[in-house]
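Listed in order, the protein sequences are those of chains E and U. Sequential numbering from 2 applies to the first sequence in our numbering. Sequential numbering from 2 applies to the second sequence in our numbering.
Warning: the hint list may mix true and false statements.
A pair counts as met if it fits within one copy or between any two copies, since identical chains are not told apart.
[Claimed, not checked] Quick list of in silico lysine-lysine cross-link-like pairs, DSBU-like style, CA-CA up to 35 Å:
hint : residue 1 : residue 2
1    : Lys10     : Lys162
2    : Lys10     : Lys130
3    : Lys167    : Lys52
4    : Lys162    : Lys130
5    : Lys130    : Lys52
6    : Lys10     : Lys167
7    : Lys52     : Lys17
8    : Lys162    : Lys17
9    : Lys130    : Lys17
10   : Lys130    : Lys167
11   : Lys162    : Lys52
12   : Lys17     : Lys167
13   : Lys10     : Lys52
14   : Lys24     : Lys10
15   : Lys52     : Lys24
Derived by calculation from the structure, the hints in this document are not laboratory data.
2 protein chains.
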Amino acid sequence: MQYPLPIAKLINSFSKLPGIGAKTAARLTFYILEMNENDVTEFAQSLINIKRDLTYCNICGNITDIDPCSICQDETRDRSVVLVVEDSQDVMAMERMHEYDGVYHVLHGVLSPMEGTGPDDINISQLIKRLQEEEIEEVIVATNATAEGEATSMYLSRLIKPAGIKVTRLAHGLAVGSDIEYADEMTLYRAIEGRREL
Amino acid sequence: MQYPLPIAKLINSFSKLPGIGAKTAARLTFYILEMNENDVTEFAQSLINIKRDLTYCNICGNITDIDPCSICQDETRDRSVVLVVEDSQDVMAMERMHEYDGVYHVLHGVLSPMEGTGPDDINISQLIKRLQEEEIEEVIVATNATAEGEATSMYLSRLIKPAGIKVTRLAHGLAVGSDIEYADEMTLYRAIEGRREL
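Throw the hints in and build the complete structure from the sequences for me.
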């Protein structure tokens, strides 16, 4: 006997998720079997809704259930500062900080010659359009501290600076609470390079 | 900004699954966002179907999409031997072995005084009914090798043996491919106790 079809199908769906192998998929499926019916229906409904109700903000490219997104619509935010990130999850991380009150621009990727991702493949033209049409004074490039993130940051800086707009990059250095002993060489180098007077 | 509502809801649903914390739930949710729409719809449909289409076999208690289940309906199986397991996943494990051709009985639990689970809380009365109505010669008790599994096995043995039915228990000992050096004391004790002549 194989698994009954409804079980096999759910195991198959769970297996498609990252980090979930066949055994975990089976465990989750049998857990679902024991779960309260309302919770399961809600789960199924959420899966359908997330594909149906979400879209990308036509201004900043952030994922949203209303267009323009709630940040672009928020009149209290400072529209002269645009923070550029790789994806929507980075916007959420920044918002969790509760300290930034400018607006965002989501690239949906980074430049990567290795993977064949060029400037036309990510959301750069829309950023340029915003810089031309809106009164923007500073662009904070908050791409990840990876080789691709750095390359994207350099590219944006060369593209935007000539227009007289200030371009800044997030500081690199030791993470708060981290131990110098365990920091990698590049991080230590950046921490020394970016040292500040006390 | 919090997560848009459709995202927050799906993260919440994923978080209810065992072994999935807030961070993993968010990661899975964003993965779903990028997934092909058909796969997501299929996932949602599987969740709904699994609750709607599955039931418990009225003979053996195994989870099934047809009642009686395919094993109980299978005329080629030996109905004189009943293998008693704790849950449906154990039936599937046994079936993967492709060597057992008797039938099953699923208890849906084990006796556990600690958790207040007594004989009336698990599927024992139906087993007794089967033993009275069908021509059963042997009951193989395949509860887990835990304290509760052992206690359940003892209970069943005392209950069934007086009716003149043979009651056996799965062998305990070293797992195939395992290392004596790393075996725990109880397993080694069982392995010596159950030793066989070569």
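These are the hints, each one checked on the structure:
{"no.": "1", "hint": "Lys10 with Lys162", "verdict": "neither (53 Å within a copy, 41 Å between copies)"}
{"no.": "2", "hint": "Lys10 with Lys130", "verdict": "between (46 Å within a copy, 34 Å between copies)"}
{"no.": "3", "hint": "Lys167 with Lys52", "verdict": "neither (37 Å within a copy, 57 Å between copies)"}
{"no.": "4", "hint": "Lys162 with Lys130", "verdict": "within (15 Å within a copy, 84 Å between copies)"}
{"no.": "5", "hint": "Lys130 with Lys52", "verdict": "within (28 Å within a copy, 50 Å between copies)"}
{"no.": "6", "hint": "Lys10 with Lys167", "verdict": "neither (53 Å within a copy, 39 Å between copies)"}
{"no.": "7", "hint": "Lys52 with Lys17", "verdict": "both (17 Å within a copy, 20 Å between copies)"}
{"no.": "8", "hint": "Lys162 with Lys17", "verdict": "neither (43 Å within a copy, 48 Å between copies)"}
{"no.": "9", "hint": "Lys130 with Lys17", "verdict": "neither (38 Å within a copy, 43 Å between copies)"}
{"no.": "10", "hint": "Lys130 with Lys167", "verdict": "within (16 Å within a copy, 82 Å between copies)"}
{"no.": "11", "hint": "Lys162 with Lys52", "verdict": "neither (38 Å within a copy, 58 Å between copies)"}
{"no.": "12", "hint": "Lys17 with Lys167", "verdict": "neither (43 Å within a copy, 45 Å between copies)"}
{"no.": "13", "hint": "Lys10 with Lys52", "verdict": "both (20 Å within a copy, 12 Å between copies)"}
{"no.": "14", "hint": "Lys24 with Lys10", "verdict": "both (14 Å within a copy, 26 Å between copies)"}
{"no.": "15", "hint": "Lys52 with Lys24", "verdict": "both (27 Å within a copy, 20 Å between copies)"}
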